[in-house]
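Novice: Residue-level listing of the chains:
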Amino acid sequence: MALPVLICDDSLLARKQVRKSLPESFDAEFQTAGNGLEALAILRSQEIGLVFLDLTMPELDGIGVLEVIKAEGIDCFVIVISADIQPEMKKRVMELGALAFIHKPVNEEKLHSILKQYGLI
Amino acid sequence: MSTLGFSEEQRDCLQEIINVAMGLASDKLARFLNTFVHLQVPSIALVGASHIPAEFENRYQDTEAALVSQGFFGNEGVRGEAIVLYQMENAHKISALLGYEVGDVSEIEMLTDISSILTTTFLNGLADQIENSLSYSAPRVLSSAKGDISSLLKNTSFHWEHALKVDISYQLIDHSFNCDMILLIPGEAVTNIQRILDRILEEY
Amino acid sequence: MPHAWLCSPILSQLNSGVIVVDDEYQIHYLNSFIERHASLQLSEVQGKSLFSVFADLPEAWLKRKLMSVLDLNTPAFSSWEQRQYIFKLPHLRPITSSSQYMAQNCSMLPLTAEHTEQPLICILIEDATDAFVYQQHLSKTLIELERANRQDGLTKVLNRRYWEEQLKQEIHRAQRYQHSLSMILFDLDKFKDLNDKYGHLGGDFVLIQLASFIGSLLRDSDLFGRYGGEEFGIILPDTALEGAVEVAERICQAVAEYPMLFNQQTIRASISMGVAELLPKQHLLHDDLIRCADMALYNAKRAGRNRVCSYLAGETEYQKKVN
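Chains as they are written, first to last, in our numbering: chain H, 818 to 938; chain X, 101 to 304; chain W, 2 to 324.
Wrong hints could be hidden among the right ones.
Straight line, CA to CA, 16 angstroms or less: simulated EDC-like cross-link-like pairs of lysine to aspartate or glutamate [as the list claims (entries may be wrong)]:
#, chain 1, residue 1, chain 2, residue 2
1, H, LYS837, X, GLU302
2, H, LYS833, X, GLU302
3, W, LYS157, W, ASP223
4, H, LYS837, X, GLU303
Don't read these hints as lab results, they were simulated from the structure.
Kindly generate the complete structure, drawing on both the sequences and the hints.
Specialist: Here it is in structure tokens:
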């Protein structure tokens with residue numbers, strides 16, 4: 818069964834890059850969101866298994882989304898894909914319950930190994 | 101931006117590449133300066149170079165400001181001039197972070213060092229993403245005098261048709277440091293950059 | 002690489018220095034330019050510390066630069082304008098340059114070793130002695146130009162424009178600190194007759210001689226300028242009227258007793274002088290002070306020349322003009 822996946826990034830290019838970096842064998846049904854508020858609307862109304870989440874976005878940023886997911890107990894995996902790659906930021910993200918923290922530009926091998934690690938492929 | 105023929109997709113692509121370049125640069129800077137850099141999304145705009153002086157006139161009117169220029173050139177006709185503008189009090193803050201002591205080096209050398217680090221870390225991150233590599237000319241201080249920033253910018257941007265204005269704000273955890281970076285890009289280089297953006301867009 | 006063979010001859014012929022060091026500052030390579038200028042052999046210094054081979058290097062400063070190259074993987078630069086040289090090397094223009102060492106522009110570039118992936122730094126050293134020499138000439142010329150801009154071409158005293166500027170400043174200073182200030186205006190007596198008798202060259206000769214002679218009688222702080230054809234002015238800071246009159250009397254007498262030899266003929270000249278002191282309530286502008294000194298000067302002329310007259314407070318009109 819296809820996994821419901823949400824790609825949340827304000828950049829169209831970045832959303833496409835994420836999708837392109839996923840292995841062909843990855844069986845998923847994709848939805849996209851251009852900011853944090855759009856993402857929450859989808860997360861609250863549908864079952865989403867995995868979220869690829871950008872951090873710097875208009876309206877509501879990725880940290881804000883993670884906080885709501887944690888507070889409301891929304892059940893999903895979150896992989897943060899960020900241009901802000903400082904160790905401090907990674908620490909914050911992991912404390913908020915993200916599965917992994919990936920640097921932009923996305924390294925395919927690293928992404929695949931994380932997906933494999935959590936049994937998603 | 102539309103006036104200069106960038107499509108919405110091209111603009112989005114350039115913004116993303118610049119964001120990622122900023123991220124890479126901030127990370128390097130944070131490690132080098134041993135502090136946390138609060139990253140803000142740089143706002144970009146492509147404008148006619150003749151509009152640049154007036155835009156910065158107000159911001160630097162009543163303060164001692166410095167202007168440092170550094171040329172860059174790479175493959176596929178990517179070339180231009182990076183200008184870093186900042187207020188002198190900010191320069192003193194970051195020089196302390198860089199470990200300079202008062203009287204250690206001349207003010208001009210301090211300015212060229214800071215600007216070169218900011219410019220080259222950022223542009224290297226940008227070049228990596230478009231599979232390019234850049235060479236740089238030595239940085240040059242054009243002024244550290246009070247007030248006269250707009251006439252200096254006028255002289256500097258005179259030869260260029262377009263300017264990619266990247267407003268960068270570096271905020272360090274214990275210190276706030278702001279500067280403006282302007283990338284001046286000649287007309288044909290803008291076309292070359294568009295071609296590169298289109299190629300990236302095609303890949304996805 | 003099809004053109005790899007070119008590297009070696011070009012590196013050895015290159016008119017710039019190339020030094021490659023690793024992340025522990027050990028020398029991996031230097032080209033012939035450095036070998037020749039520093040009298041070194043690559044084989045002798047390979048593997049040695051850069052700072053032991055070049056003992057005069059600004060070590061702390063250079064290490065900080067090199068560290069930023071390694072840490073940030075970005076180039077660093079140094080210009081002769083900020084640091085004239087990093088490596089003490091002789092240059093090729095020992096005669097035309099006043100500097101002993103080669104002025105340098107240096108670039109420090111990040112490199113990676115081919116097989117070991119060890120980080121390396123390439124230091125490029127460009128000879129900027131020409132630019133340095135050029136810059137020195139330029140600054141010298143600018144200083145001369147500035148002097149020429151202040152000087153009267155013929156007599157070498159201050160020109161009128163600069164002298165009047167100085168007068169404005171001195172008046173401002175005197176008013177601010179409540180110091181006294183006086184000025185002397187003087188004029189060569191019967192200069193037209195001198196010109197008629199000895200020609201314009203003779204007239205010019207007298208102006209030059211007297212300007213130089215009178216200049217030698219003044220204090221360093223006095224400001225001596227040419228006001229017009231044969232008219233001169235002296236600003237005397239910190240001097241009240243009485244003192245200024247004394248100075249004027251001394252000059253007037255000395256000039257009358259000063260023979261000048263021109264084309265085997267002895268020329269004697271005399272001057273008429275007007276002295277005025279700055280009166281805070283009356284002299285609001287520098288023109289007012291000049292006008293008062295001018296009035297006194299004409300009085301000196303009218304009273305028979307070769308003498309000093311001072312301006313008396315309250316005088317408002319010129320006496321009948323005489324030559």
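Novice: Are the hints correct? Go through all of them and say.
Specialist: Hints, one by one, checked against the model:
Straight-line distance between C-alpha atoms of LYS837 of chain H and GLU302 of chain X comes to about 12 angstroms, which keeps the hinted pair within the 16 angstroms bound. Our distance criterion of 16 angstroms between C-alpha atoms is met by LYS833 of chain H and GLU302 of chain X, whose separation comes to about 11 angstroms. This hinted pair checks out: LYS157 of chain W and ASP223 of chain W have alpha carbons roughly 15 angstroms apart, not beyond 16 angstroms. Taken as a hint, the LYS837 of chain H and GLU303 of chain X pair is honoured in the structure, with Cα atoms around 9 angstroms apart against an allowance of 16 angstroms.
Hint check: no violations occur; every hint is consistent with the structure.
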